[in-house]
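There are 2 protein chains.
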Amino acid sequence: MEQYLTLFYGLSFLIAILAFAYAAYLYLWVKRQPISNKKIIEVAGLIKDGANTFMTREYKILAVFAAIIAALILLFLPSPIWSGEAMKNIGMAVSYIAGTVLSAIAGKIGILVASLSNGRAAEGAQKGIKPAFLIGFRGGAVMGLLVVGCSLFGVAAVLWVFGDASILLGFSFGASSLALFAKAGGGIFTKTADVSADLTGKVELGIPEDDPRNPAVIADNVGDNVGDVAGMGADLFDSNVAAMASALVIAQSLSGDFANISMVFCYGILGLLSSILGIATARISKKGTPTKALNSSTYVTTAIFMILTALATAFIPGFSWRIWGAATVGLLVGVIIGITTDYFTDDSKPIVKKAARASASGPAFTILSGVSYGFISAMPAMVGIAISALAAYKICEPMGAGYAIFGISMAAVGMLSIVGMIISNDAYGPIVDNARGLAEMGGLGEETIQIADELDSAGNTVKAVTKGFSISAAGLTVISLLGAFMSEVNDALAASGQELLTGFDIMDPTVFFGILVGAVIPAVFSAMLILGVDKNAQRMVKEIHRQFNEIKGLREGEEGVQPEYDKCIDIATTGSLRELIPAGMVSILATIFVGIIGGAKAVGGFLLGNIVSGLLLALFMSNAGGLWDNSKKYVEAGNEGGKGSNAHKAAVIGDTVGDPFKDTAGPSINTQITVVSLVASLLSAVFAAFSIFG
Amino acid sequence: MEQYLTLFYGLSFLIAILAFAYAAYLYLWVKRQPISNKKIIEVAGLIKDGANTFMTREYKILAVFAAIIAALILLFLPSPIWSGEAMKNIGMAVSYIAGTVLSAIAGKIGILVASLSNGRAAEGAQKGIKPAFLIGFRGGAVMGLLVVGCSLFGVAAVLWVFGDASILLGFSFGASSLALFAKAGGGIFTKTADVSADLTGKVELGIPEDDPRNPAVIADNVGDNVGDVAGMGADLFDSNVAAMASALVIAQSLSGDFANISMVFCYGILGLLSSILGIATARISKKGTPTKALNSSTYVTTAIFMILTALATAFIPGFSWRIWGAATVGLLVGVIIGITTDYFTDDSKPIVKKAARASASGPAFTILSGVSYGFISAMPAMVGIAISALAAYKICEPMGAGYAIFGISMAAVGMLSIVGMIISNDAYGPIVDNARGLAEMGGLGEETIQIADELDSAGNTVKAVTKGFSISAAGLTVISLLGAFMSEVNDALAASGQELLTGFDIMDPTVFFGILVGAVIPAVFSAMLILGVDKNAQRMVKEIHRQFNEIKGLREGEEGVQPEYDKCIDIATTGSLRELIPAGMVSILATIFVGIIGGAKAVGGFLLGNIVSGLLLALFMSNAGGLWDNSKKYVEAGNEGGKGSNAHKAAVIGDTVGDPFKDTAGPSINTQITVVSLVASLLSAVFAAFSIFG
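Residue numbers (my numbering), protein chains in the order written: chain R, -17 to 676; chain U, -17 to 676.
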């Protein structure tokens, strides 16, 4: 079988390079699109510069952080460097850095293309919805292709060079570290700017969203890119790498042929290929809408992937139909979860309308109904994940010991197979959101703005779906990370001649202790991020007030008077990183605390508690936030009294609450869970060797 | 050792009767206190009648429900009646009914005394704070004494008569059924009335709280009694019985002497005795405040209990210091959790002030800060429960197999030992809350109202503490119920010759499946209750509008014109029961669904998921609600702009959101968890015998 493995390494590199080439083609295509409006060029430039400011500063801090972690890894992981296996330590440290760097590159280029696309999409909207859609979508697709290409390339390279799947945990941890900064830091950034812009602009001064007089308006636009393009990309890079890494760690521990490892790569390759085909064929059909175009390309990708993997399973010796079944279950459940999420957050469906009706009784009812439906919306996804994990396990159980948990990890790989398409859809959102703002600032006229609005609205709808998808994917991934953790602990126990773990029994009080502590961490983490947004927004509001008071003619919109946009970007940047680090540290320190108290068993429980409450809270917050956002839009479209009514005021309050829920805390919990799972796996030898009660 | 057991049965009955006698004395004492103001007598009468209306209707529906369940139990539990052990089925059904009836009696009398006390406390406030405090406190203490007396009496009687601890699960399930109606139904009732009264009175008409023109005002006052006196009493009756029942089930399975069973009763007896002493000595000291008086009597009770149990352990042969240690750990952690809850909800502490400051930026920030601090506030309690369970287990582990989990159940018994005192403190709250309203309606003058206000504020502070305590107690209790569930499953497996369970491994996908489904149930249950309040409040608001429009002179407050209070009470009653039943059914059906899919193992996981997310959400919602309530009061006391300011408006919105959080959903989750745990235990034989994947 080894020749197959070599073949799949080769194919992985090849397809990754194909994805890069196609991304380059799309990049050049976007760049060729015309842009001429001076105001748009100017503002798009400001957005680009702002995004660069944030990313440069973020990467600088991250570089220090990563250097420290890499040094610690070099010294201590997987075992102290003086214990003899220095090569492993070096491999782990190098692959850790590679994980951060590859993710950073994908993010950086993705942002660059996004900021090229927004202005062009705005001008494209003058010609109609189809060309504008294509610019927005292809701009986003660059990010999707880069992320999946980089993750496949990176995983294959690390395993090929070091030949040991546990080194991949280092690579995955690198990806997670970056995702923590990009997703949670970006989430704080974007909502700081959004909330401050709304509070001072819409609420205090009564000027429209995206009014150029508002000093926070550029920061707000930058935030869309930073939070949704770079953040979401890093998040899904992280999940994708973690899913492959844990599948490979488990595959390696299975009885010794290479078919399982080959299968992981094969599914990764075919997933990327399907995404390329899906992206290449995406366009608005004759009678189509942007939403339909986005959704149908997702379905196309899904179908292609299922067919290609079925063919691979049929023709490649050693590939199992059971594993194919597990991956397919994962993928289908992912799509179904996306659809149910849509039910709770789409404004053509009853739930959003109910929330809008509740707003007519006042803001308290907006909040109560959003919280309630948010809670209920978590059910289909949680039950779906539960069933897919159970089904994948049962499908693969007959294959022998260890295969059942491998089946779960392959369900995660299957769910994430279409991630290239998902990221493309997701990155489309902020691009057309910015395009809408630019169309307004550039004075492109009502009709163009309306087209941009339609594109933007599709972005919002699809965003809810991709968010539900990415949370669920992270859910399945971390289940398999739990498997990877156990396999790492047992390696450590075996090495020191101790009895192996057979599982984590919830009746064991050290496990139970871990579960309870683990369950509260996502709540605390979310709270710290939300409070971070709050604190940071207060700083920015103060700065905006200062500018309106001190800069003459700004409030009145005199010709030539400009606010100091960069000051606001500065505040958002510094503050977001300042608020993020304590939240990340609490999660990591809690893992270590639990490990020292209760040992590896307690950490197993801790991961479980973390996953369970993390999934629940992430789904709740993302969906409640999406619901409030769309419910506000529904009212603004003239329902329940329309703009300016009491229902509208209440709906705006709901949306403001929902913003940090859906764009900061909710989607960052994924990353928090992955980080904690990887910290646990990396420190497994420490926890296996020493604990107070373990 | 058997003579000891007989002794403890006898002592249990004796002390329970002593508690009843003391309750009767306090009842007569309260009744002797003067009441003369006509308006107060009239309104207090209306409140009493309203509470009776609710309870009569509730008990009628409950009787039907209980009869159906009792018939099902008779036919099928613990095993089908035709399988030979008919006596067990009869015992189970009878003790189920006994559980509902005893709890109902305690609730009924408790409400009666509360409605005697409120008017007298209002008039007592004319003489000063000390006599008024005593009336409020002693009125509440009747409920405390009855609840603990009834639970001790009932548990001892059931075990004495049937000689089989597993029959106690039937008794406990009876208590839970009633608690579900009383706590969740009462919670919907009270918030329906509260929200409607506020919306129409304070918001629309700008008339003060407790203004007699408002048709919902009596329903609001009734709600305080129904939700907090009867509901909280039933909830803690439920927890107390469940803690004793699961300790006894586990004790029975331990190697055969009677010392362990005796110890459970001994701790129950000494707990009740300590509460009696604590209640008898409670009064405001020379320089004291009501809050200090309530808290210090809790500490006195705690200290007495620890000393008495230490003496019992020292002098009674067969009693173990390790078990004493476990119970003490439970009790101390309970007290500590109470104190940390106070930190998050007391308006003299920084958190409430921060939330008030956030309100100055608008309602969205009130909500965001409350949600954030609510999440964080769950941490000390979750970690405290985790540590106490771990410590209790480790303390008792050296005693032999099975003792460790017995240790956890004794930690729950220890934590609940002071429950008589806790209920007294808690029932004090609604009495003085009503007294405040009555003082206003009776026109007793500013000074008296101010005293009543001070008493009320102490009630609110203490309420937050007792809520944290009761949630934590339920947390520990359900952990031991999980132990009881496993022991029941193993009995069933042993009976049918199958292999016994050794635990629930989270790596087992059926367990994992159960965990994920279990975790989402408390969220869905809470959401359904909150939406229930919302729907019900809409019905009541409509009725209030009708009355203001149709009853001439009502709005203007003409002499002799009265609203139709009973219509509002009717709506609250019918609606609360209508909204409650689906929520309860979802929880029970989910348990059965999981059991049928995954068998006993999945149900074990389901209970765990339920406990973990239930604790998290219950703590979050109760504390966030308490925080918003006190933050509004803090603003009303003149901070952040005081009454009428924007901060005040925002704080009022926070309080409205918090109301169903803290008085409906949050504290009902306890009951939901207990109900589900008991359903699982009762159906254990079914799940052990049949499942699709188990």
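In short, the hints are calculated from the structure, not lab data.
There could be a bad hint or two in this list.
Treat identical chains as interchangeable: a pair holds within one or across any two.
Taking lysine-lysine and the DSSO-like style, the derived pairs with C-alpha atoms no more than 27 Å apart in a straight line are [said to hold, decoys possible]:
| hint | residue 1 | residue 2 |
| --- | --- | --- |
| 1 | 269 | 30 |
| 2 | 335 | 524 |
| 3 | 376 | 70 |
| 4 | 42 | 21 |
| 5 | 625 | 184 |
| 6 | 90 | 274 |
Being a predicted model, the structure only gives us computed values, none of them experimental.
Inset, instruction - Check each numbered hint from earlier against the structure, then list the numbers of those it violates in ascending order. - result: Structure breaks hints 1, 3, 4, 6.
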